[in-house]
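Colleague: Listed here are the chains, written in short residue letters.
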Amino acid sequence: MIRNDYPIDTPAGLEDRMVFAVDRHRKRLRTMRLAGYGTLSIASAAGMIPAVSGLATGLSQSGFLRYVSLAFSDGSAVWSMGRDFSLLLAESIPFTSVAASLVLIAVLAWSVGKITKRAPVAPAPYAMA
Amino acid sequence: MQWLKRTIASLGNSITAGRITAIVLTVAAAVIVFEAGIIVGLHKARFETARGEHYVDNFGPRPMGPIGGMPEGFPAAHGTVGKIITVNLPIIAVEGPDGIEVPVEVSETTRIRKGFDDIRAENIGTGQFIVVIGEPSPQGRIIAKLIRVLPAPPVKAP
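Residue numbers (the numbering used here), protein chains in the order written: chain A, 1 to 129; chain B, 1 to 158.
FYI, nobody ran anything at the bench for these hints, they're computed from the structure. Keep in mind that this is a model prediction, so the values were computed, not measured. Glycine included, C-beta positions come from ideal geometry on N, C-alpha and C. The reader is advised that the hints may include incorrect statements.
[Claimed, not checked] To give an idea of the interface, some chain A residues facing chain B are shown, with a C-beta separation under 10 Å as derived from the structure:
1) 20
2) 31
3) 70
4) 77
[To be verified] Here are the simulated SDA-like pairs of lysine to any residue, each with C-alpha atoms no more than 20 Å apart in a straight line:
5) 114/B to 153/B
6) 114/B to 55/A
7) 114/B to 79/A
[Unchecked claim] Computed far set for chain A versus chain B, every beta-carbon distance over 12 Å:
8) 6
9) 26
10) 34
11) 36
12) 40
13) 53
14) 105
15) 115
16) 116
Okay, chain A solo, but in the shape it has when bound (with noise of 0.2 Å):
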């Protein structure tokens, strides 16, 4: 509650003019943001295809996919050489690649998180009524 101790006259309709100031700057300040979040999204997307594109390469030509094979073909041997086949899979890994894709994924997911907690909501049937 403000107090008025010195009253002043105020032009007439300034509260609604700094009203809708506030209204219009907030709704440019959330247009921007969702720029932002958009082109980070997509910018994010259009990274996760060459991302994935070299993962798979780098799992497939490291030999990555065929040491995971050798777990169902051959899982009980695998498993009493534990260490080994997790040296194994650890040094086989293709370690860029996965972080490019995990970074971008995560990037993906923050922006689009964004995106929906701060898009406008369409008003409900019975607010239009």
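Add chain B to chain A, keeping to what the hints say.
Modeller: Leaving out everything else, chain B in the frame of chain A:
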């Protein structure tokens, strides 16, 4: 004791404690990943050094002329996958994933599988495609514990 209970309860409810826990866990995870990277890198570097030092012992003299470009990375020390180049038991030379030749040593305890059957080392031949799990030796070889003979992958069109 009452104050201790109150302190623990307040710590548990405060956001700061949650943030500190998250930071500590993140740092711990980063340290573990870093340490794992060092261990893996050390294994690969040791194996590559030994492989280079014992190249002639394992494969014979290097061919004269250009030896091709440098590989992008070190081969894995605990296994390999690829086509068999030569068989000179107990040593099998495999063309690894990066085109690097990797010597694989077959021992009496090595389990060799083809399909659903166990086969003998003598049944392995040049040109076959194998996956190997084993451990690195000081001679720059992978001492195979398991060799799985696979169907050759389809040849890509040029």
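Colleague: Take the hints in turn and mark each one as holding or not.
Modeller: Hints, verified against the model:
Taken as an interface hint, residue 20/A does not check out: its beta carbon lies about 37 Å from the nearest beta carbon of chain B, beyond 10 Å. Taken as an interface hint, residue 31/A does not check out: its beta carbon lies about 31 Å from the nearest beta carbon of chain B, beyond 10 Å. At its closest, the beta carbon of residue 70/A sits 6 Å from a beta carbon of chain B; the interface hint therefore holds under the 10 Å criterion. Because the beta carbon of residue 77/A sits about 5 Å from the nearest beta carbon in chain B, less than 10 Å, this interface hint is met.
As the CA atoms of residue 114/B and residue 153/B are separated by approximately 15 Å, the hinted pair is consistent with the 20 Å bound. For the hint linking residue 114/B to residue 55/A, the alpha-carbon distance of about 29 Å lies beyond 20 Å, and the restraint is violated. With a CA separation close to 18 Å, the supplied pair residue 114/B and residue 79/A stays within the 20 Å bound. With a cut of 12 Å on Cβ distances, residue 6/A stays outside the contact zone with chain B, its closest approach being about 41 Å.
The beta carbon of residue 26/A is kept farther than 12 Å from every beta carbon of chain B, the shortest such distance being approximately 27 Å. The non-interface label for residue 34/A is consistent with chain B: the shortest C-beta to C-beta separation is roughly 28 Å, beyond 12 Å. Listed as outside the interface, residue 36/A is consistent with that label: its C-beta sits roughly 26 Å from the nearest C-beta of chain B, beyond the 12 Å cut-off. The Cβ of residue 40/A lies farther than 12 Å from every Cβ of chain B, with a closest approach of about 23 Å, so its non-interface assignment holds.
Look at residue 53/A: its CB is around 15 Å from the nearest CB on chain B, clear of 12 Å, so calling it non-interface holds up. Every CB of chain B lies more than 12 Å from the CB of residue 105/A, the least distance being 18 Å, so the non-interface label holds. The beta carbon of residue 115/A sits about 25 Å from the closest Cβ of chain B, which is more than 12 Å, so the claim that it is off the interface holds. At roughly 24 Å, the least C-beta separation between residue 116/A and chain B is larger than 12 Å, which holds for a residue marked as non-interface.
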